[in-house]
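Engineer: Given next are the chains, with one letter for each unit.
Number of protein chains: 4
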Amino acid sequence: MKGLGVGVWTFGMGSERYVSDGYKPYLNLFERIEKIATLSGVDGVEITFPNDVNIENSGKFRTLLDQHNLTLCGMGVELVCDKEWQSGSFTSPDPQRRAKAISLTHSAMDLAAEFGLSNISLWLGQDGFDYTFQNDYAAAWNNLVEGIREAAKHRPDVSLGLEYKTSEPQMACYINSGGKALALAQATGQPNVGITLDVGHALNARENPAEIAAVLQAENRLFHIHLNDNYSWADDDMPVGSVHFMQYLELFYWLKKLNYSGWMSLDLYPYRDDPIEACKTSIHFVSKMQEIVDYPRFDHIIEDNRNKGSRSIRAVYELVFGE
Amino acid sequence: MKGLGVGVWTFGMGSERYVSDGYKPYLNLFERIEKIATLSGVDGVEITFPNDVNIENSGKFRTLLDQHNLTLCGMGVELVCDKEWQSGSFTSPDPQRRAKAISLTHSAMDLAAEFGLSNISLWLGQDGFDYTFQNDYAAAWNNLVEGIREAAKHRPDVSLGLEYKTSEPQMACYINSGGKALALAQATGQPNVGITLDVGHALNARENPAEIAAVLQAENRLFHIHLNDNYSWADDDMPVGSVHFMQYLELFYWLKKLNYSGWMSLDLYPYRDDPIEACKTSIHFVSKMQEIVDYPRFDHIIEDNRNKGSRSIRAVYELVFGE
Amino acid sequence: MKGLGVGVWTFGMGSERYVSDGYKPYLNLFERIEKIATLSGVDGVEITFPNDVNIENSGKFRTLLDQHNLTLCGMGVELVCDKEWQSGSFTSPDPQRRAKAISLTHSAMDLAAEFGLSNISLWLGQDGFDYTFQNDYAAAWNNLVEGIREAAKHRPDVSLGLEYKTSEPQMACYINSGGKALALAQATGQPNVGITLDVGHALNARENPAEIAAVLQAENRLFHIHLNDNYSWADDDMPVGSVHFMQYLELFYWLKKLNYSGWMSLDLYPYRDDPIEACKTSIHFVSKMQEIVDYPRFDHIIEDNRNKGSRSIRAVYELVFGE
Amino acid sequence: MKGLGVGVWTFGMGSERYVSDGYKPYLNLFERIEKIATLSGVDGVEITFPNDVNIENSGKFRTLLDQHNLTLCGMGVELVCDKEWQSGSFTSPDPQRRAKAISLTHSAMDLAAEFGLSNISLWLGQDGFDYTFQNDYAAAWNNLVEGIREAAKHRPDVSLGLEYKTSEPQMACYINSGGKALALAQATGQPNVGITLDVGHALNARENPAEIAAVLQAENRLFHIHLNDNYSWADDDMPVGSVHFMQYLELFYWLKKLNYSGWMSLDLYPYRDDPIEACKTSIHFVSKMQEIVDYPRFDHIIEDNRNKGSRSIRAVYELVFGE
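From first to last, the protein sequence lines stand for chains A, B, C and D.
Quick note: the first sequence, position 322, residue 322 per our numbering, numbers continuous.
Quick note: the second sequence, position 269, residue 269 per our numbering, numbers continuous.
Quick note: the third sequence, position 90, residue 90 per our numbering, numbers continuous.
Quick note: the fourth sequence, position 125, residue 125 per our numbering, numbers continuous.
Heads up, a few of these hints could be off.
A pair counts as met if it fits within one copy or between any two copies, since identical chains are not told apart.
Claimed, not checked - When the alpha-carbon atoms are kept at most 27 angstroms apart in a straight line, the in silico DSSO-like pairs for lysine-lysine are as follows:
id: 1; residue 1: K35; residue 2: K280
id: 2; residue 1: K100; residue 2: K83
id: 3; residue 1: K308; residue 2: K280
id: 4; residue 1: K83; residue 2: K24
id: 5; residue 1: K2; residue 2: K280
id: 6; residue 1: K100; residue 2: K24
id: 7; residue 1: K83; residue 2: K308
id: 8; residue 1: K24; residue 2: K308
id: 9; residue 1: K35; residue 2: K60
id: 10; residue 1: K83; residue 2: K280
id: 11; residue 1: K308; residue 2: K100
id: 12; residue 1: K280; residue 2: K24
Derived by calculation from the structure, the hints in this document are not laboratory data.
Small disclaimer: the values here were computed from a predicted structure and weren't measured.
Just chain A, with the same shape it has in the complex (with noise of 0.2 angstroms):
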């Protein structure tokens, strides 16, 4: 992988519906890039354009990031954060909605070119539906496929990566599973159309993350990745490794068995916890995770328990703890 990257939304001010106004004080761009510059460990910072990053502020944030020693290593456009996408971005019924979010991806990939980003990340969650017998969901799935389409085409050089979530804000989103996501990539039949998988969002989906990660880099299709963890029901976005060690040791395994060259950002979302607390957690984490795997035995794990059922637990187990 290329390195690790975070956020810059991790150092939020932890809105949510019951505490609107969030749990801790707002830091703008520029503030929260210092703070992500004292982190050890940290490569790149993920954006969000145009609300992030922008033509405005794009020749400060860069002399910003140079400053620090960091990468730009992952930018979301955003279409989903202010009301006027309650209906939808490329399946919106209203035809200048969906024009705007081609246009608005077309600008996102320009300015990712700049800086010389190789691809930039959709999360379409307003793109769902709330109710039943509320959208035309034929409708919805060929503005997708020619709406993403059309969005590709304008340069090869950029690619897209669609971040599937079950739901959130919609309360059921259209590309909700890797596959979901895989197949509408497929349709568009672009090859710079792939997946940003968010670790979170593939265990909501009831996924194991190594093994879609595994089918997405077998289809040339995985390019970017969102690290954080859940108790398995909703999107927490706590530290990475809170809940799920062994699926996180297993996909950290893959993604390098699998040669995944892309970046991994941190995408938390820290509430009541310390920004810095919870991406020190994180990188700890990730750190171990990766000795770990660059250990000479775990090379073969697989083949070495191979078809003796919990064999490959226990080996796991071992290697971590001793036996």
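Position chains B, C and D relative to chain A; hints supplied.
Structural biologist: This is chains B, C and D only, laid out in the frame that chain A set:
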């Protein structure tokens, strides 16, 4: 039952984590009540103390209610929606904070009594934890039992309804099921501690609403009910009947059979929906369900279909849709 | 649609992990068909190959079907319910086992063709894993793509419907969502690979049945449908409509709108229920839902309520229960 | 704690709904004990009454235990795994069946006393319902309270542990959470009614095992523990630690801190896995977790990290993997 109310938060901005300033303009308490007053079939208003109604504005509030022939039908003590409570209320490690929670509850009970309201609700959404190894669970339980007991002893003419919920805002809440709430109520030894049953929360806890309602009523601890619906996994707070037709019909059947004599309030959170529509949809559904459970043939539906497997389901649909 | 069928397994003993010899006496295939023949409103019978019907008994089977004016409406290739498949079928590490899976599929296609059945189902419940670090996910995906492709190439006049399911019997199955099944079908490059949509499996995968059906139909890959209901968390295989009234109504609405032309089979597993009751309850419900979606005012229900939030839910209930 | 046991059902055939004759050959009770006796680190055996051990074979059973230096560490009353119980045991509408459940419990208590076993388990998996409108919930609760009370009064020297579970075999079980089990125990008014905590069942009920264990222990009602792991959604009964490392570590931490003095049994169901492997994997994990919670620095881990958010998670990983 006494009647149907509406929680004033239903007419809020619809703030959430992604669209923190919500999807709709802000309405003050009095504007919200004006809106509620336009709804046919609504008898009551539910508020939180002291945020919505308090010593200062209670006179004006009462006047407005009288004007519209509305009753105060529910009151929640606000112990969640401000960052001051982020380490808990009744279970905070800080004794001053625990004392404040008890004191606020006492004040709410007094205000309720002034309005002739026989019970208030305690939803302790910040009493829980985000991470493992974070809290002292035994101390927390002890604080719950003692704190709720002390709160309840203030006056026997106002009861406390514990509103359980599996999670949110804390990733895991202590009072996380109808059974846990009942056990806690029993442990206080106070007859005026019981439960506010939020139907959506029951579904999230993998409970059948009618079953837990019957148990709580059998134990004389079902004081108040919040109505809303969801897709089972999270607290979507959608209009009543959006998803669970059969389970809602069964709930109303059991509330009638067991002579539930409290209020029911619409507890909705229509992010992208017009609150008036969300209420109207709910009121229409509730009214139709109540018509159905009043069919004479419905009286013996369980006895008639006992030990006949899914015959019970067909019997319901035959009554509703014809044979 | 072509008509409504019943899976013969619905009339099995109801075996499960706890009561391994089931709740009911064993009936052989022909006794099961006699039972199904008594059900008014049923046009077809679904079986598994080669366990239920095979070269040896296909003549007798055809005679019995003709006698009762029933059609063979579905056929599953049995690749799960014997311990020989415990390490997988199409993804077994053993090439002979993979070859056997393909060969059995070819034979099933031939038998289907003899009966004029245009598609068969592949439910690969043993192709998955119990534990992390147990399987080679990349190899498994590759085997799926190549194996299904090879199976499909046998004859273009019979299609293969991949029946996805999140888990069971393996703790995690590879083909675990409608999206994953669609992506796999696309990856084979064969037009006669599509999906058998089991509505209960869709609910377990947190999908909305109508939505995924519309997407699959839009991609010309929706070949067959299994009907049953559950409480969302597990594959309860209860009578249709036991839980999800609105979502089933919406599914039938979309199947009509998109001119779904395949069969639907009752895929029930009434452990402690009489299968005749479970079928009758389901048939009554399906028939009522089809009446409702044929109401003239139902035709434009989505267009009429577009951008009106939960107005769509109320519109449905008003049509069904009156205003 | 007293020691670690193994449930003899772990060495069963692995029957399930799909492979009803299981994945492995049948072993009788004595063969199973011989297998268990080969496991290093196991002190006890758990059985069900009267299916495994009863008046007839208890002498032979005792001899075999003595021979292998094993203790009878747990006993479940078999009220589920035969179709005779399909309409319930303690809540059956048939008074004779309820009487039989109580009488069997009394006999089990007597046998337990003979073996010096201080508690037995009641898992009432058939006391629940499949469908709405099927059962009288108020009567069922009443029968539970009265029946369990009557069972418990038989002799104060043997306690009853209610083993709660959300579902299975019935689609919904009455005793479905740790809170509900505690409330029921309290409602009986008997000090010798408490809980058998099955960790997997707790996870299915969206509980945190350490938290519910601490509450039950604080109420002096935690009598026995079943160990196994799952992917959160269903009762997979996989080896301990297969999935939930942090939550298991926290559980062992709290059991030590609160001086839990009962037994823990492996309650596994290794369908496609060798039971010996499944036990060895579990025993290794349990032993490592107990080593970790004995680290001196672990003693004050909660106090040291109080109010520091995810610092607690990092503290654990630093102790385990180094800084």
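Engineer: Work down the list of hints and note, for each, if the structure agrees.
Structural biologist: Verification of the supplied hints:
1. Within a single copy, K35 and K280 get their C-alpha atoms as close as 12 angstroms, which meets the 27 angstroms cut-off; across copies the closest is 46 angstroms, which misses it.
2. Only within a single protomer do K100 and K83 lie at most 27 angstroms apart by alpha-carbon distance; the minimum there is 14 angstroms, versus 37 angstroms between protomers.
3. Taking identical chains as interchangeable, the C-alpha atoms of K308 and K280 lie at most 27 angstroms apart only when they sit on different chains, with a minimum of 12 angstroms there against 37 angstroms within one chain.
4. Within a single copy, K83 and K24 get their C-alpha atoms as close as 23 angstroms, and across copies as close as 8 angstroms, so both meet the 27 angstroms cut-off.
5. When the C-alpha separation of K2 and K280 is checked against a cutoff of 27 angstroms, the pair qualifies only within one copy, where the shortest distance is 19 angstroms, while the shortest distance between copies is 39 angstroms.
6. For a Cα distance limit of 27 angstroms, the shortest separation of K100 from K24 across copies, 22 angstroms, qualifies, whereas the shortest one inside one copy, 33 angstroms, does not.
7. Taking the shortest Cα distances, K83 and K308 sit within 27 angstroms of each other only across copies (15 angstroms), while inside one copy they are farther apart (53 angstroms).
8. Taking the shortest alpha-carbon separations for K24 and K308, only the inter-copy value of 14 angstroms comes in at or below 27 angstroms, while the best intra-copy value is 50 angstroms.
9. Taking the shortest Cα distances, K35 and K60 sit within 27 angstroms of each other inside one copy (16 angstroms), while across copies they are farther apart (48 angstroms).
10. Taking CA atoms no more than 27 angstroms apart as the test, K83 paired with K280 passes between copies only; the shortest distance there is 23 angstroms, against 33 angstroms inside one copy.
11. When the C-alpha separation of K308 and K100 is checked against a cutoff of 27 angstroms, the pair qualifies only between copies, where the shortest distance is 23 angstroms, while the shortest distance within a copy is 54 angstroms.
12. Taking the shortest Cα distances, K280 and K24 sit within 27 angstroms of each other inside one copy (18 angstroms), while across copies they are farther apart (37 angstroms).
Violation of the numbered hints given earlier is absent; every hint is satisfied by the structure.
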